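Engineer: Residues per chain, in single letters:
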Amino acid sequence: MNLVTRWLPMLLAVVLLAACSNDESAAPSGDDVEPAAPAGSDAAPAEDGSTAPTSPERLVVYTSRQPHLVEPLFDDFTEETGIAIDYISDSEAALIERLAAEGDRTPASVLITVDAGNLWQAAERGLLQPIDSDVLDERIPAELRDPDDQWFGLSIRARTLVYHPDRVDPADLSTYQALTAPEWAGRLCLRTSRKVYNQSLVAMMIERLGEERTEQIVAGWLENLATEPFSSDTRLIEAVAAGQCDVGLVNTYYLGRLQKDDPDYPVELFWANQDTSGVHVNISGAGLTTHAPEPAAGRQLIEWMTGLDAQQFIAASNMEYPVVDDVPLDPTVAAWGEFEADSINLRVAGQRQAEAVRLMDRAGWR
Amino acid sequence: MAPAGLPPVTTPHARVRRLPARAWLLAPLLVLVGLPLLMLVFSWASIDGDIWRHLGTYLLPRLIGHSLLLMVVVGAGALVLGVGLAWLSACCEYPGRRWLDPLLILPLAFPTYVLAFIYLGLLDFAGPLQTQLRELVGATPAWIAALSKPVGVLPILVLAFYPYVYLLARASFSAGGLVAFEAGRSLGAGPLRVFLRVSLPAARPAIMAGLALALMETLADFGAVAIYGFDTFTTAVYRTWLGLFDLRAATQLASLLMLFLLALVFAERATRSARVRQAERRSVPNRIVLRGARGWLATGAQLLVLIVAVVIPLIQLLVWSLPSLGQLWSTDALELIGNTMLLGTLGAAGVVVGGLLLLLAGYRAPRRVALASELAASGYAIPGTVLAVAIMLALTSLDRVLDTALAGGLMALLLAYLIRFVRVAWGPLEGVAARIRPELFETARSLGASRWTRLWHVMLPLLRPGLVTAFLLALVEIAKEMPATLMLRPFGWDTLAIRIYELTAEGQWERAALPALVLVVLGAIPAVLLMRRLGGAAGARPG
Numbered sequence: 025m026n027l028v029t030r031w032l033p034m035l036l037a038v039v040l041l042a043a044c045s046n047d048e049s050a051a052p053s054g055d056d057v058e059p060a061a062p063a064g065s066d067a068a069p070a071e072d073g074s075t076a077p078t079s080p081e082r083l084v085v086y087t088s089r090q091p092h093l094v095e096p097l098f099d100d101f102t103e104e105t106g107i108a109i110d111y112i113s114d115s116e117a118a119l120i121e122r123l124a125a126e127g128d129r130t131p132a133s134v135l136i137t138v139d140a141g142n143l144w145q146a147a148e149r150g151l152l153q154p155i156d157s158d159v160l161d162e163r164i165p166a167e168l169r170d171p172d173d174q175w176f177g178l179s180i181r182a183r184t185l186v187y188h189p190d191r192v193d194p195a196d197l198s199t200y201q202a203l204t205a206p207e208w209a210g211r212l213c214l215r216t217s218r219k220v221y222n223q224s225l226v227a228m229m230i231e232r233l234g235e236e237r238t239e240q241i242v243a244g245w246l247e248n249l250a251t252e253p254f255s256s257d258t259r260l261i262e263a264v265a266a267g268q269c270d271v272g273l274v275n276t277y278y279l280g281r282l283q284k285d286d287p288d289y290p291v292e293l294f295w296a297n298q299d300t301s302g303v304h305v306n307i308s309g310a311g312l313t314t315h316a317p318e319p320a321a322g323r324q325l326i327e328w329m330t331g332l333d334a335q336q337f338i339a340a341s342n343m344e345y346p347v348v349d350d351v352p353l354d355p356t357v358a359a360w361g362e363f364e365a366d367s368i369n370l371r372v373a374g375q376r377q378a379e380a381v382r383l384m385d386r387a388g389w390r
Numbered sequence: 008m009a010p011a012g013l014p015p016v017t018t019p020h021a022r023v024r025r026l027p028a029r030a031w032l033l034a035p036l037l038v039l040v041g042l043p044l045l046m047l048v049f050s051w052a053s054i055d056g057d058i059w060r061h062l063g064t065y066l067l068p069r070l071i072g073h074s075l076l077l078m079v080v081v082g083a084g085a086l087v088l089g090v091g092l093a094w095l096s097a098c099c100e101y102p103g104r105r106w107l108d109p110l111l112i113l114p115l116a117f118p119t120y121v122l123a124f125i126y127l128g129l130l131d132f133a134g135p136l137q138t139q140l141r142e143l144v145g146a147t148p149a150w151i152a153a154l155s156k157p158v159g160v161l162p163i164l165v166l167a168f169y170p171y172v173y174l175l176a177r178a179s180f181s182a183g184g185l186v187a188f189e190a191g192r193s194l195g196a197g198p199l200r201v202f203l204r205v206s207l208p209a210a211r212p213a214i215m216a217g218l219a220l221a222l223m224e225t226l227a228d229f230g231a232v233a234i235y236g237f238d239t240f241t242t243a244v245y246r247t248w249l250g251l252f253d254l255r256a257a258t259q260l261a262s263l264l265m266l267f268l269l270a271l272v273f274a275e276r277a278t279r280s281a282r283v284r285q286a287e288r289r290s291v292p293n294r295i296v297l298r299g300a301r302g303w304l305a306t307g308a309q310l311l312v313l314i315v316a317v318v319i320p321l322i323q324l325l326v327w328s329l330p331s332l333g334q335l336w337s338t339d340a341l342e343l344i345g346n347t348m349l350l351g352t353l354g355a356a357g358v359v360v361g362g363l364l365l366l367l368a369g370y371r372a373p374r375r376v377a378l379a380s381e382l383a384a385s386g387y388a389i390p391g392t393v394l395a396v397a398i399m400l401a402l403t404s405l406d407r408v409l410d411t412a413l414a415g416g417l418m419a420l421l422l423a424y425l426i427r428f429v430r431v432a433w434g435p436l437e438g439v440a441a442r443i444r445p446e447l448f449e450t451a452r453s454l455g456a457s458r459w460t461r462l463w464h465v466m467l468p469l470l471r472p473g474l475v476t477a478f479l480l481a482l483v484e485i486a487k488e489m490p491a492t493l494m495l496r497p498f499g500w501d502t503l504a505i506r507i508y509e510l511t512a513e514g515q516w517e518r519a520a521l522p523a524l525v526l527v528v529l530g531a532i533p534a535v536l537l538m539r540r541l542g543g544a545a546g547a548r549p550g
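Protein chains in written order, with the numbering used here: chain A, 25 to 390; chain B, 8 to 550.
Check the hints yourself; a few may be wrong.
[Said to hold, decoys possible] Think about it this way: if two alpha-carbon atoms lie no more than 25 Å apart in a straight line, the pair counts; the simulated DMTMM-like pairs of lysine to aspartate or glutamate are:
(1) B/Lys156 - A/Glu379
(2) B/Lys156 - A/Asp110
(3) A/Lys284 - B/Glu342
[Claimed, not checked] Label-pair ranges, simulated between beta-carbon atoms:
(4) A/Pro290 - B/Gly41: 54 to 60 Å
(5) B/Gln515 - A/Gln298: 28 to 34 Å
(6) B/Leu332 - A/Asp100: 55 to 61 Å
Calculated from the structure, these hints are not laboratory results.
Keep in mind the model is a prediction, meaning the values are calculated, not measured.
Each residue gets a CB set at the ideal place from its N, CA and C atoms; glycine is no exception.
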């Protein structure tokens with residue numbers, strides 16, 4: 025009976041204690057940020073941070089990438105440079121809102137996410153600052169970085185066709201558009217239009233083919249669907265393997281994972297649009313935040329991530345493609361062969377994303 | 008602020024018209040909750056007609072329809088399962104009751120997205136069930152195929168959310184259900200009639216509180232419906248934000264959802280008939296003994312729900328976790344568990360205190376106070392990520408004005424938990440308070456007890472079962488909470504839910520099985536122990 029009378033005050037005390045101790049621990053981090061912010065924005069373009077003698081002890085990164093894809097990189101970077109990295113993971117949208125809300129008080133110097141649309145969005149809202157770096161300009165192909173140098177691609181992710189070899193002759197496959205043909209009726213699988221990958225693909229198609237033609241293509245795809253759109257690329261590929269549909273549209277690394285577990289996995293990859301515009305690619309990438317407390321170290325990290333070792337890890341860890349030439353590929357990835365990628369600058373994926381989403385809504389792509 | 012007081016001495020007929028001093032207990036809560044809610048209101052400062060035309064033409068008609076369907080089906084399902092199972096557990100006797108009773112709230116320990124992913128994986132075309140069926144009989148019955156379609160999310164949400172109704176209804180039934188039932192029977196009415204006309208109305212406030220929780224969870228859910236591809240109003244919120252880059256319109260949508268739910272809650276309050284106070288359980292009659300086949304039918308029904316909602320998902324998680332079971336003893340895992348427990352405990356303590364404030368302020372108070380309380384508890388109806396953004400914006404604005412660092416601190420997260428989950432604590436407390444005889448306070452007062460004495464020595468001890476339930480529910484909810492924890496956690500405060508998010512960000516759900524399993528077990532142990540204590544207290548009384 026007396027449980028509550030005894031425990032409630034204790035709980036209250038615990039809460040209050042936690043509140044107080046938190047205020048103490050939070051205060052210094054606020055102090056760290058304050059003086060660094062104004063100095064940072066000036067220092068960024070001024071000089072190359074890689075040889076700075078007074079390197080900071082701690083660099084804060086906001087990332088939407090999974091820990092096992094970034095943590096080993098960060099560890100190597102720390103070992104080489106002595107700069108420790110703290111990171112916070114969250115979804116891209118939440119990180120962008122967080123950066124925007126924090127404004128000049130943000131602890132984060134670097135934003136690392138997937139999809140150019142997200143990076144464009146961050147740049148568009150003034151959350152990223154340009155990096156004037158010969159290293160980055162030289163190593164990263166122009167279409168994979170922002171024309172205004174606010175974000176830079178670190179790996180390439182290709183979205184192309186997969187098919188079941190027993191039921192599809194690859195000679196019948198050619199382009200994304202061709203999947204609207206009546207012969208594919210009831211045989212096509214798509215992911216939901218909620219995923220940014222599909223939004224970027226449609227955005228790039230709008231840029232190349234125009235809105236009207238793109239809407240026809242999207243409508244044609246939906247006509248041919250074998251079943252409702254899937255909520256994940258992996259489930260989509262499994263549906264192709266199981267015979268629910270014959271051909272689908274996915275990012276290559278999802279197939280790579282399945283093929284790595286089972287080399288005889290009954291789904292094959294086809295490079296779309298090789299004779300026309302090239303395969304739709306997107307990036308994972310990084311940018312320096314506008315109010316970066318440690319702009320020099322942030323820039324150093326981004327440049328370091330385009331180095332050969334880092335690129336090899338980035339490419340291998342999630343079976344994506346490196347942005348830098350001459351980096352050895354994962355064997356499973358190498359077996360898919362070379363491909364021509366779409367050469368339109370990825371900024372378009374962001375610029376036209378809202379347009380693409382509206383188009384997909386009109387077409388009824390769930 | 009006025010000190011915590013207790014109900015003024017009045018006869019039931021002379022209801023006070025003026026606000027009791029303790030209504031001001033709501034003030035601090037309203038200020039805290041109001042900050043982020045203001046952000047929702049401010050979003051209406053300007054309206055983008057173009058985007059609303061687009062939403063209104065292509066998305067909202069279908070999505071509102073889906074959300075209503077979801078509400079009706081999940082609400083009805085949760086009511087039938089929750090009330091039915093609770094009546095059996097609380098008032099009947101059949102084989103295995105003592106074991107089944109506490110286990111039936113276990114689905115609460117599963118985050119809905121985990122349940123959804125497990126079942127979609129098991130039931131879809133490429134999954135084991137359909138594959139086996141195709142090999143054995145060549146085809147899949149349509150109803151099984153339908154379970155992997157978008158509407159398949161409906162039974163998943165029923166299984167995930169019926170425990171709210173079960174928990175609150177069960178407490179109410181076990182307190183007075185049998186007395187009322189027996190009284191009705193002695194007047195010659197049939198059992199079904201008595202159940203419907205007497206027992207059910209007496210438990211209505213508790214059942215409705217449970218149903219409100221279930222419905223709000225349902226409408227704010229994004230994880231499970233996204234996995235099944237069942238687009239709802241919440242989908243529109245996220246699509247507007249993430250796809251159309253319009254957080255303002257997304258916030259406007261979210262505030263409409265909140266208004267709708269508030270309207271529902273108010274409507275329910277308005278239609279409540281005059282207070283039906285349950286009998287004290289001074290002399291609880293014997294449980295209704297279900298003999299023979301009827302007894303085993305009751306056992307079977309409870310067992311079936313338990314197997315589908317708990318056993319199968321648990322086995323699947325175990326199978327997925329086996330390869331990585333060794334990581335359980337790593338320091339990383341222990342740290343995650345520690346953080347989860349600590350945040351859960353701190354957060355739940357705050358939530359219970361908040362719930363207590365709501366209760367004390369609103370106890371036998373005029374309706375105006377009840378409305379204010381509902382407003383203070385409305386954070387539960389806002390989709391998690393939107394609420395997290397609103398809190399982030401509110402705190403960073405405050406930081407700028409006050410030159411503080413609230414937004415990066417632990418307090419921000421605890422505040423988010425308070426705003427989001429205070430309703431979870433309020434429900435159970437109200438359920439218990441409705442059964443307290445106000446005369447007790449009059450007696451205490453006439454014996455010269457001060458307000459504080461009445462609070463500490465009369466009110467709180469009587470509320471104990473409600474406080475325990477509230478704390479437990481809040482603890483489990485906070486441990487599962489993902490969006491606000493993701494956005495507001497300070498450095499180094501990663502929890503199990505965070506790890507699940509990180510591992511599943513690229514759709515590799517199997518990888519997250521181990522943290523999910525640990526999370527479920529962490530939530531399950533205290534849940535079962537406490538349910539057994541509560542159940543034991545009611546069940547141990549012989550007639």
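Engineer: Each hint: holds or not?
Structural biologist: Outcome of the hint check:
no.	hint	result
1	B/Lys156 - A/Glu379	violated (28 Å)
2	B/Lys156 - A/Asp110	violated (42 Å)
3	A/Lys284 - B/Glu342	violated (32 Å)
4	A/Pro290 - B/Gly41: 54 to 60 Å	holds (57 Å)
5	B/Gln515 - A/Gln298: 28 to 34 Å	holds (30 Å)
6	B/Leu332 - A/Asp100: 55 to 61 Å	violated (29 Å)
Taken one by one, the earlier hints fail for this structure at numbers 1, 2, 3 and 6, listed in ascending order.
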